[in-house]
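Chains as they are written, first to last, in my numbering: chain L, 1 to 256; chain Y, 1 to 200; chain X, 1 to 415.
There may be inaccurate statements among the hints.
[Said to hold, decoys possible] Residues of chain X placed beyond 10 angstroms of chain Y at every Cβ, according to the derived structure: (1) Leu22; (2) Ala91; (3) Ala166; (4) Asp270; (5) Leu308.
[Stated by the list, open to error] According to the in silico footprint, chain X covers these stretches of chain Y (three or more CB under 8 angstroms from chain X): (6) 51 to 65; (7) 84 to 97; (8) 139 to 147.
[What the hints assert, rightly or not] Each pair of labels, with its calculated beta carbon distance range: (9) Y:Pro96 x L:Lys197: 56 to 64 angstroms; (10) X:Gly149 x L:Thr60: 53 to 61 angstroms; (11) Y:Arg163 x L:Leu126: 35 to 43 angstroms; (12) X:Gly149 x Y:Ser98: 50 to 58 angstroms; (13) L:Gly215 x Y:Leu164: 29 to 37 angstroms.
Please keep in mind that the hints were generated in silico from the structure rather than gathered at the bench. Owing to the predicted nature of the structure, the values given are computational and were not obtained by experimental measurement. Ideal placement from N, C-alpha and C gives every residue a C-beta, glycine not left out.
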Amino acid sequence: MRPILTAFASGLLLLWSSGIVRAQFSSAASQSDHLALAKKDLLADSSRYFYNPRPLMPGTAVMNLGISLSLLPEPLVEQEIPAPAIDFQYKRGLTNSLSFYATVSTNYFTNVLMPGIQYNGGDDGLSYAIGNGIAFFAGYIDLGGEFDRNSAAAIADVPILRVGHHFEQVAVSLSLACTYVLYADTHIGSLEDKGIKYKVDDVWLTLAFEQPFYGQTRISTGMSLTYSRTPYQIWMLYNVFDQYLVIPEFFFSFQL
Amino acid sequence: MRAIPSAVLILLCTCASRANAQDARSGTVPYHVEAHIELGPMASDFLRGRPLPQGASRTTMGYDAIVRLMWHPDHLLAVGLLSGYQLLVAENYVVPDSLSSGSVHASLHAMPVMFDVSMQVRSLEVGVGLGGYILTTMLDDLTTARASRFELGTIFHAAYHWRLQDHLSLGAEALVSYMAYRGILAIAPQLDIEYDLLTY
Amino acid sequence: MRLILALALGSVLLNSGCMTELLSADMPLRVARPAGDPIDSAGGAKLAGVYSVVQGEDIFGSKLVALWVRGELCLYSGSEVIFVETAGSMAADTSARFNGYYRFVRSAMTGSISLTILPDEGGRSVGAGLRNRDSATFTIRGTFDNPNGDGSRDIVLVRTRALDTAKFYIMGNCAGGRNSERLGRSENSLEMTRFSEYLGCNAVEVDLHVTQDDTVILMHDDQFSPRTVETTYILGDVSSFTLRQIRRNSRLIHGEVLPTLSEFLTFVIDSTNLQLVWLDPKVSRGVDKALEAQKNAIDYARRKGRSLRIIFGLPSPEILDAFRRAPLADSVEALYELLPENLASIKSCRAWGPRWTRGTQGATVAGLQNGPHHYWVFPWTIDSPDYMTQFLNDAHYDGILSNYPSMLTGLYYAR
Chain L
1 MRPILTAFAS GLLLLWSSGI VRAQFSSAAS QSDHLALAKK DLLADSSRYF YNPRPLMPGT
61 AVMNLGISLS LLPEPLVEQE IPAPAIDFQY KRGLTNSLSF YATVSTNYFT NVLMPGIQYN
121 GGDDGLSYAI GNGIAFFAGY IDLGGEFDRN SAAAIADVPI LRVGHHFEQV AVSLSLACTY
181 VLYADTHIGS LEDKGIKYKV DDVWLTLAFE QPFYGQTRIS TGMSLTYSRT PYQIWMLYNV
241 FDQYLVIPEF FFSFQL
Chain Y
1 MRAIPSAVLI LLCTCASRAN AQDARSGTVP YHVEAHIELG PMASDFLRGR PLPQGASRTT
61 MGYDAIVRLM WHPDHLLAVG LLSGYQLLVA ENYVVPDSLS SGSVHASLHA MPVMFDVSMQ
121 VRSLEVGVGL GGYILTTMLD DLTTARASRF ELGTIFHAAY HWRLQDHLSL GAEALVSYMA
181 YRGILAIAPQ LDIEYDLLTY
Chain X
1 MRLILALALG SVLLNSGCMT ELLSADMPLR VARPAGDPID SAGGAKLAGV YSVVQGEDIF
61 GSKLVALWVR GELCLYSGSE VIFVETAGSM AADTSARFNG YYRFVRSAMT GSISLTILPD
121 EGGRSVGAGL RNRDSATFTI RGTFDNPNGD GSRDIVLVRT RALDTAKFYI MGNCAGGRNS
181 ERLGRSENSL EMTRFSEYLG CNAVEVDLHV TQDDTVILMH DDQFSPRTVE TTYILGDVSS
241 FTLRQIRRNS RLIHGEVLPT LSEFLTFVID STNLQLVWLD PKVSRGVDKA LEAQKNAIDY
301 ARRKGRSLRI IFGLPSPEIL DAFRRAPLAD SVEALYELLP ENLASIKSCR AWGPRWTRGT
361 QGATVAGLQN GPHHYWVFPW TIDSPDYMTQ FLNDAHYDGI LSNYPSMLTG LYYAR
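For reference, chain L alone in the conformation it holds in the complex (with noise of 0.2 angstroms):
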């Protein structure tokens, strides 16, 4: 658990780094006319940001394509090996506290889909939701070798929960989200196995930054640390280790 605590604390120090640049703005303009601009601009502007949670005007929408980048256990590929997939997200607020939200992603061999609802609250500064996806997983590799005719499918509910503080120029939101497996069924060639069902596989958290990079054109960044007894990254591998693994993500996206 050591990675995650570091990386709460990490999220933590940001905020709280936040706090001081914040007061230094405060300074310059009254309390109240911040306040109404921040009112004014809160829904145009968030409108801007995937991850972070503040609430979205009705009938707009945000969406991202980039790439993320995870490192595959060691121990279980026995050498340090970088799996690259596609993201595309996409958000759109329904009311002025719910949004719709869904994720693919894909290297050709797993993609995973994933719509949900979130509540968003908060104002300006920090901001929160709460919301809940069910993801839907599918794989499949024929390349001979250990990946001769695998294939795999599974169904999880998704709860997930989100902070997140809008800076000046960047957008930081801090994600906490489970994985509770409904269905999951693997095959190797003739062979069937069911494996877990109605436990948690695996815990996540995601730091994200959301910011301009160069002219209007946005980005996010950040990483994910996903805590998993299976990661579904290496779904083609048969997991032998009863050892729950910590898998890092990276990604990087445009806003479309």
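Got chain L; can you put chains Y and X on it based on the hints?
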């Protein structure tokens, strides 16, 4: 072992917090393509020790030379590529066994190949490189062997620059190089020459 | 700006080293026996059998398999993947006492275990050795460290039957287990080979590479890395270094000297009771040298009167081509790993080794075993108890290769 990377993280957080108080560049700020050439001595610590050669010290001295090519648009971030050459250790030693009493000459080198991101606020630049190292060994033990291997790793760097001319500045930089798989942590104080190749 | 922080944070966490490592297992390299007279082999061998777990079933499962291995009592739980190694002595009251450890093989959890066989529950029979050939009903009682909390738990085992004596090869991968199994010995080492017997193996598979000076060595990976060797200067392609350079400048990760194929085979013949060795070449270069070492070892074993089969694996068309060109190809036994239709074209082929992901293939297996060549069939590499049970039940293999031979031992004999 984790104290130094943690210290670098805290330094970055502090710098970032202070930098956040600065207004970001407006849309009229030009874009730059910047080249960095960095040179300096380097001390390496083999964090898991060096069981072989027998009696070898876990800390070694070498040097490094780094080149970075960075694209710096109209905000605080710059992105680019980092590469170069690092001598981690070169030494002569004797292996006490029955095969030979002759001396062995060996050296270990690294070539970082990384994606680098840095934040530039006024004269301060703090950055991190993610990627890997092409590690190369040269072993002269009766016959000479040379072999290479790519392993993942990271570089942290922080520099302060003094502008000498419109397009040229000189900096003092601290570079921390970490080869995680092999457990080698290297620290190098460097001279950083920055040149604006292109402004648009 | 915060991108820097994200990447920096990522780097720190990524490099912290603890993230993707497996927990280390605290198991001794040598088990100390309690005070008393040594148990002779004839007496200890009586303890081999299948035991019903009367107490401690929630931890060890309903059945345990016991083997007497080189003077030690080893227990195997197949379903729970637990291995127990104990060393014993006879006490003055003719009870047999054993001390040792248990190990959850996949999670690295370990603890101490103490066992006793009271005089009237089989201890007297163990102490009598060959002098008493009765078939006593053995009851083993003891305590073990509670793996789920503090204190100790009781264990009671009652022997229900003897072991199946049919010929079946329990094969340990990489000479008994990979480095990631954290067995305290390096994969493909002589020390792991010795330990493989305690894990239940009567056969091992080893991986072959070739040095720059054409010496065949035991090594799985194409490159030297921190996964396999501790060193400052030995890294990269195995074929870049001479044997002399490797040995003078590196050790295997648990400190052992990297063995050559010839040294390994001599060790197997002289110092173990293993009955079969599967040589698994990783490159086509040096096949003739490997066959030479294989042939010399077969001759040496024959001269010593040692019953040992050595088979040369043919895992790829390139290695098969090199094998066909080698002068000693017809003088040794081979195992083909690709399509079974090609088996008959390889004159010295003795066995077929299908990858387990191709399924249990009961009809094909039976056809090859009962055909004119009477091939052996060894699927590889099965590490899951569920799949292993399917393979044991659905076809009659001659042996199975696994990274968990202790699990295979437990499942095979307890069927």
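Outcome of the hint check:
no., hint, in the structure
1, Leu22, "15 angstroms, holds"
2, Ala91, "43 angstroms, holds"
3, Ala166, "46 angstroms, holds"
4, Asp270, "22 angstroms, holds"
5, Leu308, "30 angstroms, holds"
6, 51 to 65, "holds (count 4)"
7, 84 to 97, "holds (count 3)"
8, 139 to 147, "holds (count 7)"
9, Y:Pro96 x L:Lys197: 56 to 64 angstroms, "59 angstroms, holds"
10, X:Gly149 x L:Thr60: 53 to 61 angstroms, "54 angstroms, holds"
11, Y:Arg163 x L:Leu126: 35 to 43 angstroms, "39 angstroms, holds"
12, X:Gly149 x Y:Ser98: 50 to 58 angstroms, "53 angstroms, holds"
13, L:Gly215 x Y:Leu164: 29 to 37 angstroms, "30 angstroms, holds"
In this structure, none of the earlier numbered hints is contradicted; all agree with it.
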